[in-house]
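A.B. asks: What follows is the residue order along each chain.
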Amino acid sequence: MHLLFEPGFFSSQPVHTAVVIGAVTAIVSAIVGLYTVMRSQSFAGHALTDVATTGGSGAYFFGFSALTGFIGGAVAGAGAMDLIGVQRVRSRDLATGIVLGVATGLAALFLYLDATKSNTTGATQQILFGSIFTIDPSTVPVIAVLSAATLMLVAVIHRPLLLTSVSPELASARGIASRTVGLLFMLALAVSVGLTSIAIGSILSTALLIGPAATALRVTRSIRGAMVAACTLGVVTTWLGILLAYDSDDWDRSSQGLPVSFFIVAIAFLLYLLSGLPAVQRRVGRRDDGVRRPPRSHHVGSPRGA
Amino acid sequence: MFSGFMQHAWEIATIVGVVAGVVGFFVVLRGSAFPAHAIPNGAFAGAAGANLIGVNPLVGLGVFSLIAALGIGSLGRRGRADVATALALVAMLALGAAFLSQSTEYEPEIFSLLFGEILGVSSSQILPVAVLGLVCVAAVAGLARPLMLTSIAPEIAAARGLRPHRVEMAFLVVLACATTMTVPVVGALLIFTLMIGPPAAARCFTDRPGRAMLGSVGIALITVWAAIACAFEMNWPVGFFVGTFSAVWYGAGRLYASRHRTRRPSTGLEHAAPTGSTVAV
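Protein sequences appear in the order of chains U and P.
All residue numbers for the first sequence refer to this note's numbering, where the first residue is 8 and numbers rise by one.
All residue numbers for the second sequence refer to this note's numbering, where the first residue is 263 and numbers rise by one.
Any given hint could be a false lead.
[Stated by the list, open to error] Between beta-carbon pairs, the in silico distance windows are:
id	chain 1	residue 1	chain 2	residue 2	range
1	P	A400	U	R181	51 to 61 Å
2	U	S174	P	R340	44 to 54 Å
3	P	P416	U	A184	26 to 36 Å
4	P	F494	U	A162	48 to 58 Å
5	P	N318	U	V163	51 to 61 Å
6	P	G423	U	R186	35 to 45 Å
7	P	A421	U	L280	33 to 43 Å
8	P	P471	U	D143	47 to 57 Å
9	P	R340	U	T123	45 to 55 Å
10	U	R231	P	A488	46 to 56 Å
11	P	R340	U	V235	23 to 33 Å
Since the hints were made in silico from the structure, they are not lab data.
Where is the CB? At the ideal position from N, CA and C, for every residue including glycine.
One chain only, chain U, in its complex shape (with noise of 0.2 Å):
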């Protein structure tokens, strides 16, 4: 048993904090990580984490709760994407561009000036990596709360976000107001990715909204399936990750231990590389009815399946 868990490692109430916290967070972004990344905005979805990493550090300025300027941050940050014009393919990528050099801008300006007003150090490092570790305990309701309100907005716009993601002209002859839903969304993406840029950090908060969606896409072939999948590797990734962190402390007495973000995001991409060898993708195609699936699968959350 301590060869796998390092004694302490149930008994401590950090790691019980972020054992709950990471689960939460896992399971929402890997949800509305599926629809990102089949529509393809894994940009917005990193960029919007240093959009809330900007906000956090102007509500350490001016005095705000950090929860409300990462998600206000976020907030705004996808208002103005979707304003500059991120729900049309071809300025996807310029508006998340612009928005995202504006935000680093103003992150530089106030990190510079928080590290003026008060002498604390780490504050940078802290904004900018997060850990999962050093969660206060008092802000897991909010963040819980926040969480299921995120699910529930999703699942109210499940079907029409799946069919403006999956097939925008059948969307748009159905009469879905795409552009509602995907504004819809992008409210949706902001708040996850500002609730999990300050739980976990902003790296871990790209990581599992991107990662095991991305994975489950590959092994999956229904959104159902895909959607099993993704909570199932998001929360198991990071589970393993807090584990491996816990005890790394202990592998070499000379130095620290390595941080969980490191982890997590090791397995997650492990994982994602793995669902993409050849003898993988054979596994998943011969699975359903012989039918083998084209190489590049951009259907797997077909209407059929949903």
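Starting from the structure of chain U, add chain P where the hints point.
C.D. replies: Here is chain P on its own, set in the frame of chain U:
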């Protein structure tokens, strides 16, 4: 403002502005903003790693930005490009976080790698930056036609036997090269801003590729010069001004485009800079 150590800042800023303007033109044209954001962040991890094992940070920057570029290119070929970029990016950042956790590096140095310290450039940094800058511009000049064709007219490119994936790989390597040279002076986050805002603004002012590229360089130069001047006067980070001015340029560009371009698509482009955009200077 123009003497002593500030002179190096002006020189470096000029080189960086030209390179960002030229490379950024194709970043915007090809929709490569995500790789352009990811590669400098990967390079940041390289600098942290080099610091840890006591190698020249430039080596770490170069190696890691190259790894990031090749990784994004090869992963993106077999899956969704944006997913590949996102995962390569977080992998690099996580490595960087791991390196930082093992080193005794303290905060101001992280800050300067991310946000740059253009006001603290030393004379020994100028030559390598100038050389790498020349290499980048020369590489872009050589690649210009294939880059244009594969992004604007993929069919013609295919008919001429161009392989889009190879062109993309070559372009990513150029991006890596531009990153290696600029991250130590302007920081991982700012080179990105400079590669997106000015070229995007320039494309709003004109449809012609040659003019757009010249405009892109011009706007990038004005942005970075103005940013340095303001940073020097107000003692705020250069990055803030670069980000704000780039956005103002882009806003001015969109405004200009919405007023002029729809009515007169091919005339009146000589007055590329509308009076409103002088706010940025």
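A.B. asks: Hint by hint, say whether it matches the structure.
C.D. replies: Quick rundown of the hints versus the structure:
1. At about 52 Å, the beta-carbon gap between A400 of chain P and R181 of chain U stays in the expected band of 51 to 61 Å.
2. In this structure the hint that S174 of chain U and R340 of chain P lie 44 to 54 Å apart at CB is violated, the actual value being about 24 Å.
3. For P416 of chain P and A184 of chain U, the Cβ-Cβ distance of about 32 Å falls inside the hinted range of 26 to 36 Å, so the restraint holds.
4. The given range of 48 to 58 Å is respected by F494 of chain P and A162 of chain U, whose C-beta atoms sit roughly 53 Å from each other.
5. Under the hint 51 to 61 Å, the C-beta atoms of N318 of chain P and V163 of chain U, about 54 Å apart, fit the expected range.
6. Distance hint check: the CB atoms of G423 of chain P and R186 of chain U are about 41 Å apart, consistent with the given range 35 to 45 Å.
7. The supplied range of 33 to 43 Å is met by A421 of chain P and L280 of chain U, whose beta-carbon atoms lie about 35 Å from each other.
8. About 53 Å separates the C-beta atoms of P471 of chain P and D143 of chain U, a value consistent with the hinted range of 47 to 57 Å.
9. For the pair R340 of chain P and T123 of chain U, the supplied restraint of 45 to 55 Å holds, since their beta-carbon distance comes to about 47 Å.
10. For the hinted restraint 46 to 56 Å between R231 of chain U and A488 of chain P, the CB-CB distance of approximately 54 Å keeps it satisfied.
11. Look at R340 of chain P against V235 of chain U: about 25 Å separates their beta carbons, and that is inside 23 to 33 Å.
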